[in-house]
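Engineer: Residue numbers (my numbering), protein chains in the order written: chain S, 70 to 660; chain E, 62 to 442.
In case anyone wonders, no lab produced these hints; they're calculated from the structure. Hints are not guaranteed to be accurate.
One side only, chain S facing chain E, incomplete, derived with CB under 10 angstroms [as the list claims (entries may be wrong)]: (1) 121; (2) 122; (3) 137; (4) 139; (5) 150; (6) 344; (7) 348; (8) 384; (9) 387.
Listed next, the stretches of chain S that the computed footprint assigns to chain E, with coverage defined by at least 3 CB atoms under 8 angstroms from CB atoms of chain E [claimed, not checked]: (10) 123-136; (11) 140-149; (12) 230-242.
Computed from a predicted model, the values in this text were never measured in an experiment. In this text, a Cβ means the ideal position worked out from N, Cα and C, and glycines have one as well.
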Amino acid sequence: MGTSSSSHARTMVEEGQHASSTEEFAFTPRAMLRSVFREDRLFIVLAVFIGIFSGLAVVCFRFIIEWVRIYALGSGVVLSPLRMLLAPSLAGLLIAVLAIHVFPQSRGSGVNQTKAALYIFNGYISFRTVIGKFIMSSLAIGAGHSLGPEDPSLQIGAGLASAIGRRMHLSRDRMRLIAPIGAAAGLAAAFNAPISAVLFVIEEVIGRWTAGILGSVVLSAVSSVVVMRWFLGPESLFRIPPVENLRPSELVAYCVLGIIGGFASVAFATGIGALRPRFRDLPRWTQYLQPAVAGLLIGGIAWLGAPQVMGAGYEYMDEAMHGRFTWQFLAILAGLKIVATLLSFVSGTPGGMFAPTLFIGAMLGAAVGGAEHTLLPHMHFSPGTYALVGMGVLFAGFLRAPMTSVFMVLEVSGNYSIIVPVLVANTFAYLIARTLQPTSVFDELTRQDGLELPSMEEQREENILRVEDAMQSPKGWWLEGDKLVEDAAKIVASGEKSEVLVHLRDHGWCALTKAEIDELMATGDGLDTLAEVAHDKHIPYLHPDHSLDMALRYVDRWPLVPVVNRANMRKLEGVISERDVLNRYRDFEGV
Amino acid sequence: MSLKGKWYALYLRREPASLALLFGLLIVFFTFVTGLSRIYSAQQQSLAVRWSERGTANLQAHNYQPAVDELRAALRYSRDNQAYQLSLAEALIGLDRTSEAEAYLVNLWEEQPENGRVNLDLARVAVQEGQTTRALRYYHNAIYANWPEDDQAAQIRDARIELIEYLLRIKATAQAQSELVSLQVYLGDDTTYQKLLGDLFTRTGDYEHALSAYRLSLSAKPHDAVVLAGAGNAAFQLGRYEQAAHYLRENLALDSSNTNSQNQLHLSELVLRMDPFRPQIPAAERDKAVVNAFQIAGNRLTACPVAASYSSSKDPKKDLAHEWADLKREVTATGLRRNPDLATTTMDLVFSIERQANIWCGSPSDTDRALLLIAKLHEGS
């Protein structure tokens with residue numbers, strides 16, 4: 070926005086207020102304390118506290134999941150059939166009772182609940198929900214349900230942040246923002262990837278980049294990762310094999326992976342979207358059995374030869390990256406994991422979708438790479454690279470977080486040479502998923518829950534109306550300041566124009582209304598220059614790329630606002646009035 | 062105090078107090094998680110040790126599949142333990158799952174490029190994958206890498222022996238020979254491995270070094286039948302028939318069933334008996350040996366008429382049959398006594414006949430073979 074007399078005046082007022090405040094409180098201990106504990110500073114400190122608390126909670130969460138796994142499924146890698154069938158079933162029964170009677174708010178993955186806290190409940194997430202999510206998710210994941218710990222960690226972090234915010238009596242605006250800060254911390258600790266966590270929360274939960282919150286989100290994410298690494302070490306979730314340098318011709322192979330990944334994402338998301346409401350519509354008594362039956366079926370899949378589908382499955386992603394499985398078995402595992410995750414998720418078992426998404430992506434990526442290598446043996450094949458790209462593909466196609474998907478792979482692999490295949494494959498997957506299924510899985514789940522949360526994907530792709538879409542041609546609307554008032558009178562005399570813009574050589578733009586011109590003519594000032602009579606009537610100006618929303622703030626106060634070129638302020642690109650803005654909004658059909 | 066002032070006072074009391082409370086809670090929570098973490102770490106460590114012990118035992122017993130499962134379980138609880146990773150890689154090599162083993166080994170190599178065992182395992186993986194250049198590079202790395210000090214010499218020796226075996230398998234004899242010479246220098250006068258050294262030299266065709274290694278071995282253990290057979294064979298191949306006969310007789314005295322030694326001893330004795338050029342032989346005996354050889358060559362020519370049509374190098378115009386027929390009347394005890402150069406001429410013809418017959422008809426009798434060996438001994442071919 071250009072400078073204007075009013076904004077300048079407003080700034081002066083604010084400075085005056087600040088000066089008086091300083092005068093009132095300076096040098097007193099109370100004033101100093103108040104200065105230290107100003108809410109915005111406190112918010113930064115709280116972000117660090119939230120990060121540490123979330124990191125500690127996620128560490129506990131990981132411990133509990135591991136203990137449940139050891140005691141439910143055994144400590145070895147070869148599981149006994151009895152445990153495979155019984156552990157997820159019994160855990161499912163217990164979870165169903167807890168979810169129905171004790172923690173009804175703790176179902177689902179946690180991402181939508183955090184978004185709901187931000188947009189509907191003023192940042193409120195009950196502590197009971199946090200406890201419920203912690204207990205039920207650790208039971209489910211540890212006992213072998215095909216779910217991951219990341220999304221619950223996100224909600225646990227958000228819930229802790231909400232509790233801390235309430236304790237600190239933060240304002241409503243701050244309370245709304247505190248849940249995403251905790252979410253970023255929880256996700257960063259669970260994933261050991263602070264950049265991806267920050268990006269995901271901004272891309273999928275907050276939906277916009279604002280400097281005010283970005284610092285806090287980053288601080289909390291970094292704090293939680295530091296805590297997590299303090300206790301669990303710096304290792305990533307899987308060992309990343311060396312990423313081979315890519316030959317340009319191999320990009321075609323990654324395109325194929327992107328296309329297959331896109332279709333797999335659609336199948337996965339469609340399955341969840343279609344089955345979840347059907348399961349929820351079943352009689353109430355079946356709600357007690359659904360997680361147990363899902364667990365039994367998952368145990369059955371494991372018993373039939375694919376125990377890899379149980380739990381989060383990070384160790385198997387690691388093995389896929391290191392060429393442990395044949396491409397046929399990898400493809401089967403990807404398919405079975407989709408089935409297992411569908412069963413777990415639609416049965417209402419609490420747990421996250423991140424780990425299963427990464428698992429499916431890794432298996433699919435390595436399978437596609439292996440199949441391509443079988444068909445074209447001369448082509449270089451590195452299962453690790455294909456698995457990593459596959460993870461990004463599913464992340465982009467299923468979770469619909471394209472930016473996070475790229476940075477997640479880069480952060481996890483620590484190798485920037487992988488960026489080209491990731492970008493290519495993710496773009497294909499995202500476009501296919503977006504075309505075949507316009508509503509993302511998170512938005513679909515939200516709508517199924519009867520909530521109407523803002524869709525980040527739709528916001529990203531929304532067409533923004535700009536000033537250039539509504540402005541009129543400047544021809545005939547303006548005069549140079551050295552022209553006479555009677556020249557302006559001739560323009561308004563025709564009756565078509567009620568204002569005239571005047572360009573002052575050194576002072577920007579000002580405006581004269583028909584009434585003002587008529588008055589000047591009546592008082593015999595017709596031979597005065599416009600600069601002389603209008604020098605104190607400064608008005609703001611806009612640029613063609615400004616949003617129409619911004620124009621709306623000015624056109625109700627100034628009937629005609631000049632639109633000037635950014636490179637040459639003297640060049641008038643157009644003029645805009647309130648009627649122009651409203652006409653454009655009326656004609657806008659969202660395309 | 063105004064309402065605003067009261068609010069500030071409340072605010073100033075409340076915010077620091079809340080932060081202090083939060084800080085206190087943080088310390089309590091941190092302490093709690095630290096305790097939990099200790100219990101968790103101890104349990105993980107104990108599980109890792111338990112599974113690794115089982116896995117290592119199975120690995121040593123060559124039960125590779127259970128070893129893989131158990132070592133994988135151990136690594137689940139101690140993911141960065143390099144000893145477990147190395148053992149798992151070895152178990153995977155045992156199951157011929159080389160690409161998986163390689164993944165572990167490459168990671169280990171990146172962290173410890175100077176680790177001898179990792180390099181040796183990577184060499185084994187490269188051998189299984191048929192990647193000769195990589196295999197040789199890792200074998201050489203292993204030979205010059207770091208090994209546990211208490212076992213360093215033995216490990217380096219074994220790595221070099223494995224490399225030589227591999228070189229012999231891929232028929233890189235010259236490289237194997239040079240590695241063997243290095244191994245011989247490395248071993249010095251240590252008699253324990255001289256037998257193996259002799260065998261390896263024999264496989265490269267370096268009988269001179271083989272014989273010296275066997276002799277060194279025999280100096281420590283003179284009644285080792287296998288070493289005696291090896292020494293006999295090396296001496297035989299070097300054309301030292303007396304020495305060969307000596308070792309072979311001793312070998313047969315210990316192991317009479319060794320047919321190779323029997324054959325070689327028989328041939329050695331034939332050579333020693335039939336060779337007219339052996340030193341300090343009485344003239345009559347020499348003439349008798351020449352006449353005998355001439356007769357054997359004649360018989361060979363009759364049995365192999367193809368060879369008869371070829372000419373000797375001395376007189377390209379005459380074929381071997383004609384040459385033999387021309388000499389037949391002269392080659393007698395009297396003729397040889399009268400013309401001392403006749404013995405050389407006769408034996409040259411005998412050698413030519415035996416070589417041509419060997420080329421065209423093969424399967425010589427023992428006496429023919431003995432004549433060929435005598436030819437080789439004196440003509441160097």
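Engineer: Closer than 10 angstroms between Cβ atoms is the bar; does residue 121 (chain S) clear it against chain E? Give me holds or violated.
Structural biologist: Holds, about 6 angstroms.
Engineer: Using Cβ atoms only, decide whether residue 139 (chain S) comes closer than 10 angstroms to chain E, and label the hint accordingly.
Structural biologist: Holds - the Cβ of residue 139 (chain S) comes within 10 angstroms of chain E, reaching about 8 angstroms at its closest.
Engineer: Regarding the hint that residue 348 (chain S) lies at the interface with chain E, is the smallest CB-CB distance below 10 angstroms?
Structural biologist: 33 angstroms, violated
Engineer: At a Cβ distance under 8 angstroms, does chain E reach at least three residues of the stretch 230-242 of chain S?
Structural biologist: holds (count 4)
Engineer: Quick check on the hint: residue 150 (chain S) CB to chain E CB, less than 10 angstroms?
Structural biologist: For residue 150 (chain S), the interface hint is violated, since the closest Cβ of chain E sits about 15 angstroms away, which is over 10 angstroms.
Engineer: Taking the least C-beta to C-beta distance, is residue 137 (chain S) closer than 10 angstroms to chain E?
Structural biologist: 13 angstroms, violated
Engineer: Min Cβ distance, residue 122 (chain S) to chain E: is it shorter than 10 angstroms?
Structural biologist: 7 angstroms, holds
Engineer: A closest beta-carbon separation below 10 angstroms is what the hint needs, so does residue 387 (chain S) meet it against chain E?
Structural biologist: 9 angstroms, holds
Engineer: Using the nearest Cβ pair, does residue 344 (chain S) come within less than 10 angstroms of chain E?
Structural biologist: Since the shortest Cβ distance to chain E is 33 angstroms, the answer is violated.
Engineer: Is the coverage entry for the stretch 123-136 of chain S by chain E consistent with the three-residue Cβ rule at 8 angstroms?
Structural biologist: holds (count 6)
Engineer: For the stretch 140-149 of chain S, do three or more residues have a beta carbon lying closer than 8 angstroms to a beta carbon of chain E?
Structural biologist: It holds, with 4 qualifying residues against the three required.
Engineer: Against chain E, run the beta carbon of residue 384 (chain S) and see if the smallest gap drops under 10 angstroms.
Structural biologist: 6 angstroms, holds
Comparing the model with each earlier hint shows violations of hints 3, 5, 6 and 7; every other hint is respected.
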